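Visitor: From first to last, the protein sequence lines are chains Z and F. Every letter in the first sequence is one number past the one before it in my numbering, and letter 137, counting from 1, is 137. Every letter in the second sequence is one number past the one before it in my numbering, and letter 329, counting from 1, is 329.
Treat the hints loosely; a few may be bogus.
Note: identical chains are not told apart, hence a pair may lie in one copy or across any two.
[Said to hold, decoys possible] Derived DSS-like pairs (lysine-lysine); straight-line CA-CA distance at most 25 Å: (1) K17 x K395; (2) K103 x K212; (3) K346 x K395; (4) K467 x K478; (5) K346 x K393.
To be clear, the hints were calculated from the coordinates, so they are not data collected in a lab. Small disclaimer: the values here were computed from a predicted structure and weren't measured.
Number of protein chains: 2
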Amino acid sequence: MPNFPATHTLASHASAKHPVIPVILCGGAGTRLWPLSRKNFPKPFLRVGNASLIAQTVERAAAVMAAYGNAANSGQTGQNLLLVSNESYQFLLQDECAPVLGKALPNAVLHQILEPNGRNTAPAIALAALWSQTLQQGLDPVLLVLPADHLISPIDQFIQTAQLAIQAALGGSLACFGINPTAPETGFGYIQKGEALPNLPGAFSVQRFVEKPSQAVALEYLVSGQYVWNGGMFALKASDVLKGLLEHAPDVHQAATQVWGNVKGAQGQAQGQVCTFDAAEFNTLPDISIDYALMERSSNVAVVPAAFQWSDIGSWAALAEQNTADSDGNTVQAEGRGELINIDSKGTHVQMAQRTVATLGLTDILIVDTPDALLVADKSRHQDVKKVVEVLKAKGSPLVDFHPTVHRPWGTYTVLEDSNGYKIKRIEVKPRASLSLQMHHHRSEHWIVVSGTAEVTNGENVFLVRKNESTYIPAGNKHRLINPGKTLLVMIEVQSGDYLEEDDIVRFDDKYGRA
Amino acid sequence: MPNFPATHTLASHASAKHPVIPVILCGGAGTRLWPLSRKNFPKPFLRVGNASLIAQTVERAAAVMAAYGNAANSGQTGQNLLLVSNESYQFLLQDECAPVLGKALPNAVLHQILEPNGRNTAPAIALAALWSQTLQQGLDPVLLVLPADHLISPIDQFIQTAQLAIQAALGGSLACFGINPTAPETGFGYIQKGEALPNLPGAFSVQRFVEKPSQAVALEYLVSGQYVWNGGMFALKASDVLKGLLEHAPDVHQAATQVWGNVKGAQGQAQGQVCTFDAAEFNTLPDISIDYALMERSSNVAVVPAAFQWSDIGSWAALAEQNTADSDGNTVQAEGRGELINIDSKGTHVQMAQRTVATLGLTDILIVDTPDALLVADKSRHQDVKKVVEVLKAKGSPLVDFHPTVHRPWGTYTVLEDSNGYKIKRIEVKPRASLSLQMHHHRSEHWIVVSGTAEVTNGENVFLVRKNESTYIPAGNKHRLINPGKTLLVMIEVQSGDYLEEDDIVRFDDKYGRA
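With the sequences and hints as input, model every part of the structure.
Guide: Now the structure itself:
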């Protein structure tokens, strides 16, 4: 039997030899919440309530770390948080997570493991374990593994559940968070609870894992009270992860060790590490989940039933539920300045953007309005939104991958108009950020600053362009745009030329390594 | 009994003493086809099929005139077409109608009677009659009165019906077009046919007019075969209109004569007259329909049942019907480059704009997508779209009156982005057109030409700005924009300032009389 530390000694115990490191897994895809989510702006980045799902996840993780705050701050290990994600999200992740973490824990450091492509959760967690032991030599961190796209409340209950799971992990368990089922869902994995763990009230051994069951079986599980959903959240000592994989999934252990041996960027700590990998070598990692590779095959698994409200926002129906309904069951989530006029509709959900939306006499209809795509669906068909995306994918539509607003390391650009012979963009450059030194063969650019100040390199000249001033970059001129100031730079760019695609760019120098 | 000319002598007969003048009544409002129609872009301007409803009306009218073409061209009276509309549509009317008329009948002249505000059809037709007699001294034109917003096909059948109606008018009848009812509509007036007119097969005397009947009565009428809908189309000798009004509605006759006496712009013919009126005096005209003031009170009324297909496009349902349905009863009308992805929907109508629209599992849903407003409605509620407009009106929403694209005498402007401290417009200036010499107190303007060439007055300087060139107009500078060329000038304007409303304009000189 594992030996669990008593609750009151947890903080010092955890921080001394076993610092808690949140590991946030930020997956891709966004087919079920299209058109709000796109491949380049997937579910974790969607705002639900006041913040994106991933920002809320960071906030929760920071709250758990804060529970060990004094000990960690006084110790030598510092506070660290790791994001594991696709490399294409690097700057979006940084933008979305760093301010939240910094606000909650000013001394905490944000690290990233960037995957060239997704290889499922077992390799991701294996690499996180290897990373944590490299970062904190001689220690054995507890990894608090959290998916980036779950909605959880209230936060106090989350902290409580996480504390229990961490205690279980400290005692040698592979601890899973169990979600109390609220419906006979067939889309989740189930965990059958075993005996209550001695010395750790609220935690249980695991009788068995069950993959997505049939409707009838799911109903049976729900009624029995013996089952919880597998929420994909875990507390795991790094050593236990690696030991377990060595025993139960040696191919994962071996490939991860090999891949980790050739990691780039795993040095330093103060500024946060950004770990990258060779894509071909990364593909040698087996595509397998941590549940299948480790949890289901291990005997030292524990489950901590969670007391919090939980949703994986798996469809528009789940997102609609997060909003307070009016007396006719209508919900609305407003992102822009659009206004909703409803006459005699019931049970609708409207996701607003910049436009006015009028609903008239509708029943159980879902409307998702975005600047370049509109979805209108019967609410009962919320699981089939992915079929729309499949059709678009087959047509090669850019709507699968991109929003009109595209995130770049230096800020964003938004295509306002794409017409014959010209294109208009709004370009927003973060303070102190810089676009690459670049050149276009086919287009000239007119730049008009409408907010902030720009430092412009245009051919041989470097000069400032202030609000309500403009400049002109002829095709063939080397140029660069920098925001030297402390406020956002907003610029309107009018491109003129016969070929206006993004790939007409020659980068000479780039502070983000894209040259 | 009136004395009808034989059909084969109609052409010369009509053109000699009684030239046919189409009088197209272009009404306002657009509440039932919102958000595609707005107060400043009402139903007649909506494209149905390949052209706007009013352009199609002009085309039909021209086809009737062409039936008398040789006679008219060789005679002294010329060919004339009159538009009666609100003065706010002057330039939009010109843009929409002149090319169609010019293409069909190169020698025909387009005239406008511009009302300061709508006073219903009796005053409009009275003024048209007075205008026609002023224009063609000593002659007695046949006015072919046509609403601008009806959809009719095929055109041959229309010409045939119009010929019959004109013959009836030449014989002294006030001739109404009767529409064969296809449903027990309660929204139309009905005409009960009387005896067949001797010598004019296909025309009938009128037993009685019936205002909008109840559903039961409408069904009775439909079954009886004795009733036709009052289509609001007439053939009337100008003298008969005035004589009839003098007898049956002397107040209309007197007020119209008075108002006409003070008309402005009723001189010349070659370039087309644009008749305008004093608003206060115009308001003395009784607000009464021609049906009520004249038709229902006269004994010399004839009805010519029409053989053509007809729709007044009175709602989205009527507009949807104009499109060929797929095997699931879905219709779509595409205006922009938007694409429709439909999965398992039935009976929908989608009005597309620039965006991709996905419909999933819908039944009998209407979707109208426009750049700044979206309507989603149960199809059965098509008559209640006006309720949405009422709500918007009560809120003072600009969506009732304006599209993002606004028509001006010189062309159009489209607001692409309206943000804090700046506004972006696409400005399209017609060849040889000119904006007013103007000045803004609160905003500076950056102009970038993306197509065509601009002649710019900026303070004391006048210069050309070519494609891919720009200029800057500081706040307080007198400036003017002219398209001196033969192709459309397209310019992107970025306004910068703290106050960016349209009313910050001082006009010094304007070729359209707006200074």
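Visitor: Against each hint, give a clear statement of whether it holds in the structure.
Guide: Do the hints match the structure? See the list:
1. K17 x K395: neither (54 Å within a copy, 63 Å between copies)
2. K103 x K212: This pair counts as neither: shortest intra-copy Cα distance 39 Å, inter-copy 68 Å.
3. K346 x K395: between (34 Å within a copy, 22 Å between copies)
4. K467 x K478: Answer is both: 23 Å inside a copy and 22 Å across each meet the 25 Å cutoff.
5. K346 x K393: between (32 Å within a copy, 23 Å between copies)
Hints 1, 2 from the list above are not met by this structure, while the remaining hints are.
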